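Novice: Please model the entire structure based on the sequences and the hints provided.
Residue numbers (this note's numbering), protein chains in the order written: chain A, 1 to 243; chain B, 244 to 655; chain C, 656 to 947.
For the record, the hints were derived by calculation from the structure and aren't laboratory data. Everything numeric in this text was worked out from a predicted model, so none of it was measured. Glycine included, every Cβ here is placed at the ideal spot set by N, Cα and C. Warning: the hint list may mix true and false statements.
A partial selection of chain A residues facing chain C, derived with a Cβ cut-off under 8 angstroms [to be verified]:
no., residue
1, Thr51
2, Val53
3, Tyr54
4, Lys57
5, Glu74
6, Cys77
7, Gln86
8, Lys89
9, Phe91
10, Ser92
11, Leu94
12, Asp98
13, Leu101
14, Val102
15, Ala103
16, Tyr105
Going by beta-carbon spacing under 10 angstroms, a handful of chain A positions derived as facing chain C [as the list claims (entries may be wrong)]:
no., residue
17, Phe14
18, Asn48
19, Gly52
20, Arg83
21, Arg107
22, Ala109
23, Ala114
24, Ala132
25, Ala136
26, His137
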Amino acid sequence: MVPFFKIEHLEKRFGGLAAVNNVSMTIGEGEIVGLIGPNGAGKTTLFNVITGVYAPKRGKVLLKGQDIAGLKPERICAMGIGRTFQIVKPFSSLTVLDNVLVAAYRRTASRQEATDAAMDILRFLALDEKSATLAAHLTLAQKKRLEMARALATRPIFLLLDETLAGLNHTEIDRMIETVQQVRERRGVTILAVEHVMRAVMKISDRVVVMDEGKKIAEGPPEEVVRKPEVIKAYLGDDYGSA
Amino acid sequence: MRGKVACIVSVCCMVLLLGFGTAFAQQEIKIGVLIPLSGSMAVIGENLQMAHDFAAKEINDAGGVKSLKGAKIKLIYADTRGDPKVGMSEAERLIVREGVSAIMGAFQSSVSYTSTEVAEKYQVPYLVPNSLMDQITERGFKYTFRVERKGSYWAKDQIDFILDMGKKTGVQAKTIGVVYENTDMGQSIAKAIRKLAPEHGLKVVLDEGYPPKTADMTPVVLKMKRANPDVVILNSYISDAILLMRTIADQRVNTMALLGSSSGYSDPSFVKEVGKLAEYFFDLTEWTTDLKHSPLVAQKNAAFKKWTKDHRDFNGGAAFCYASTYILYDALEKAASTDPKRIRDALATVKITKGPAMIIPWTPIEFDAEGQARGARMLVIQYRDGQRKSVWPANIASTAPVWPMPKWEERK
Amino acid sequence: MTGIIEAAVNGILMGGLYGLIAVSLSLIFGVAKIVNFAHGALLMVALFTVYWILELLKVDPYLSALLAGCFLFFFGYYFQRLFIEPILKREKDTAALTVILLTSGLMLIIENSALLLFGADYRTVRTAYTGKVWEVAGLYIMQPRLIGFVLSVVLIRLLEFYLRRTNFGRAIRATSQDREAARLMGIDDYRVYKVTFGIGTVILGFAAAFLTPFYFIHPAVGDLFVGKSFVIVVLGGLGSITGAFLGGLIVGLIESVGAQFINSAMVESLIFIVFIACLVIRPMGLLGKERE
Ligand SMILES: Nc1ncnc2c1ncn2[C@@H]1O[C@H](COP(=O)(O)OP(=O)(O)O)[C@@H](O)[C@H]1O
Ligand SMILES: [Mg+2]
Chain A
1 MVPFFKIEHL
11 EKRFGGLAAV
21 NNVSMTIGEG
31 EIVGLIGPNG
41 AGKTTLFNVI
51 TGVYAPKRGK
61 VLLKGQDIAG
71 LKPERICAMG
81 IGRTFQIVKP
91 FSSLTVLDNV
101 LVAAYRRTAS
111 RQEATDAAMD
121 ILRFLALDEK
131 SATLAAHLTL
141 AQKKRLEMAR
151 ALATRPIFLL
161 LDETLAGLNH
171 TEIDRMIETV
181 QQVRERRGVT
191 ILAVEHVMRA
201 VMKISDRVVV
211 MDEGKKIAEG
221 PPEEVVRKPE
231 VIKAYLGDDY
241 GSA
Chain B
244 MRGKVACIVS
254 VCCMVLLLGF
264 GTAFAQQEIK
274 IGVLIPLSGS
284 MAVIGENLQM
294 AHDFAAKEIN
304 DAGGVKSLKG
314 AKIKLIYADT
324 RGDPKVGMSE
334 AERLIVREGV
344 SAIMGAFQSS
354 VSYTSTEVAE
364 KYQVPYLVPN
374 SLMDQITERG
384 FKYTFRVERK
394 GSYWAKDQID
404 FILDMGKKTG
414 VQAKTIGVVY
424 ENTDMGQSIA
434 KAIRKLAPEH
444 GLKVVLDEGY
454 PPKTADMTPV
464 VLKMKRANPD
474 VVILNSYISD
484 AILLMRTIAD
494 QRVNTMALLG
504 SSSGYSDPSF
514 VKEVGKLAEY
524 FFDLTEWTTD
534 LKHSPLVAQK
544 NAAFKKWTKD
554 HRDFNGGAAF
564 CYASTYILYD
574 ALEKAASTDP
584 KRIRDALATV
594 KITKGPAMII
604 PWTPIEFDAE
614 GQARGARMLV
624 IQYRDGQRKS
634 VWPANIASTA
644 PVWPMPKWEE
654 RK
Chain C
656 MTGIIEAAVN
666 GILMGGLYGL
676 IAVSLSLIFG
686 VAKIVNFAHG
696 ALLMVALFTV
706 YWILELLKVD
716 PYLSALLAGC
726 FLFFFGYYFQ
736 RLFIEPILKR
746 EKDTAALTVI
756 LLTSGLMLII
766 ENSALLLFGA
776 DYRTVRTAYT
786 GKVWEVAGLY
796 IMQPRLIGFV
806 LSVVLIRLLE
816 FYLRRTNFGR
826 AIRATSQDRE
836 AARLMGIDDY
846 RVYKVTFGIG
856 TVILGFAAAF
866 LTPFYFIHPA
876 VGDLFVGKSF
886 VIVVLGGLGS
896 ITGAFLGGLI
906 VGLIESVGAQ
916 FINSAMVESL
926 IFIVFIACLV
936 IRPMGLLGKE
946 RE
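Specialist: What follows is the structure, encoded as structure tokens:
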């Protein structure tokens, strides 16, 4: 059986720095996988390679067995990989609805269908009342949900979430966790989520992958992984470094 | 043995060749001509070249320089590329390498200004047919001679024309406007008018320099309309001349006269593109094909037209180059020598009253102590049925001027 | 007083055309971040296109805009495809400077080609509108300018509608705001650039058709507009369509009304003073967005 998603020996360098260094992993259909690691570990870069922003130096990215490494982002998007950004990037002078429509039109040429789909998603993310607001005028939490809405509008089968919770307060975090779970349940989307908020990682992830200095250093069920000495060392080392 | 014979034969050949060579050279007088023959001015330069060539051909066909046993005039062209520095080095090359006896050129004032300096240094006479810049003949040079009127007198001629028209028709201008492209040339004409006009009872009510590359002339024309001068003197390049003329007509700005200062207003594109709007427009110029002072004007223009491949008329620049070649020829006859100093002395004392040089509208042709042509003057044309008709001064004019210009509303 | 009103009216009418030309520049800059120094040369190409259509087909000048537009869309599209796109693809992050050098070079090539092809003659077209004037309360309003202005406003409204309401228009706006994000939404950025360039060139075609009845055509005619266009684009706010149009009106007004009070040679300086003052007060331009 071909795995749903698989990367093999992936490598991406910036000059001398191996931001992603020989990383391999497999994700099954319908899984939610947490991706953790200290700052600068290479998580965002890994996302960028998967989504085609960067071509890898070496290695494969296989979606349902097809190697997509090095394809253009718009092609990869069309193949069903969606993402959100660590630093939110809504099209700020477009309305909330237009933001989602831009993405929805990639899937249909029909105005009616696109609008219906967009409104559907906005309702799902409780943004429907804001549909006519300019994206620039949203709160951070709303912008994060808009990011999610936009990603969902491209109808992904696989969604990459980059620190969707960073900067949110307690209630907002709880609500977002719920949303992520619903995305999987209602829409059957497989998810790879970079997250720093451990409470959330433990709660949503079926499995956790840990990266440090470009390498994958651990993998397994959340409770086990966080106890591993190399993981603790990576995080503490990071703490010492920044102290 | 064989080698020796070959050697002797070849030496003999060389001696013979050299002998013929020098003998041949004695039948030729080398004259350098500095003009722009490449770059944006190339078209203008080629036109002048034809005029020089035509004059030289006529002179040589008629037996060359008689006082030098029929020696032929040989014109050696040097391309200035319109660059003052290149003009200098080419002048040096003509004198030192080519050994020319005299030089003519260099069309653009800036190039004439620098290259005459070189000729002065080497004491070779330099005849300037076309450049306007006053200073060219104001440096106490002994070897520089100019045929064209000094630029600073243009304004004087324009004012003279305006006053004269007032006297003749009784419709006298009291106010005047100057509109010009804000370049050296435009500014110097405007400056001269600012000074001269009040001295002759003309009030300057508009003095408007517009920047080169002005996209819209309407603001200037609206200002003109408000100032309402009796006469407007204009100095423009081509595109601005076209835009100004069209806008003046659109805005129905009525004046006694619109008077150009050559340049854009004498360019063939002007009348071609503005068409009927150019009717009655006056333009100050050095020369036209319809001048009546001498039958030579029509004859020589016809001959030039026949001789040129594309059957072109003389324009002012070409007519002056043609005449200048004859002025130099006259000096050569008098000097009876190829020695530059002798030719210079002859030029300083020419007094030409007949011959093809007389296509120039004044007699006699002679130079003052500065080397400036003494009688040089400008004339005024008026566009009539799309033609440039000489209208002033009366003694050389082919056509009676219409003054004042009809109002725009009264034209059809 | 009538003189000043007349000058103001003329300033607005001419400013509308400046604005339209600047809108094209602003659109291309805003979306593709291309500083197009060949803009004046493209305007010249547009003017010659209109000129030849009018000479050969003898249609109404305003109708010629539509025909010219069809040709110019592809001209702009392939201009981007053949010259600029390879550089963007090859150089990615450092392309901006190369593109400036490239477009400057292309400007020279296009202008010199036009000189070779069409000569240095100044050309004008006599249309049914040329020299026609409406007299309103003692003011002379030149017909082709008023028509050109009104159509420019309509055209800019249409462009805004296109960008706001259509599928591809949204993609253009999305790309202009965040190219990476747009690509990850499945938008083909290079296609957006090409189409945008095409649209920008079509706008120049319209500007050319509006100018032709009262202007001249010459290989260097673009030089008269290009400097002003850059000033207007920055004044209006980089990438802002309405801003560019508004900037055009302001520059037209200063130029026309200013010349009634000071020497026209000084008006250029006045425009720059207003320009710098605006930038000091609003560094992002009149309708530009703040950049983070
Ligand atoms: N565009 C880039 N150019 C050069 N270095 C980069 C670039 N993007 C990221 N990096 C470097 O790669 C490493 C990994 O960064 P990143 O993927 O952002 O880490 P994370 O998301 O895990 O915090 C860091 O050292 C970072 O400085
Ligand atoms: Mg990151």
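Novice: None of the hints should be skipped; say for each whether it holds.
Specialist: Hints, verified against the model:
no., hint, verdict
1, Thr51, "holds (6 angstroms)"
2, Val53, "holds (6 angstroms)"
3, Tyr54, "violated (11 angstroms)"
4, Lys57, "violated (16 angstroms)"
5, Glu74, "holds (5 angstroms)"
6, Cys77, "holds (4 angstroms)"
7, Gln86, "violated (12 angstroms)"
8, Lys89, "holds (4 angstroms)"
9, Phe91, "holds (4 angstroms)"
10, Ser92, "holds (6 angstroms)"
11, Leu94, "holds (6 angstroms)"
12, Asp98, "holds (6 angstroms)"
13, Leu101, "holds (6 angstroms)"
14, Val102, "holds (4 angstroms)"
15, Ala103, "holds (4 angstroms)"
16, Tyr105, "holds (5 angstroms)"
17, Phe14, "violated (12 angstroms)"
18, Asn48, "holds (9 angstroms)"
19, Gly52, "holds (8 angstroms)"
20, Arg83, "holds (6 angstroms)"
21, Arg107, "holds (8 angstroms)"
22, Ala109, "holds (7 angstroms)"
23, Ala114, "holds (7 angstroms)"
24, Ala132, "violated (13 angstroms)"
25, Ala136, "holds (8 angstroms)"
26, His137, "violated (13 angstroms)"
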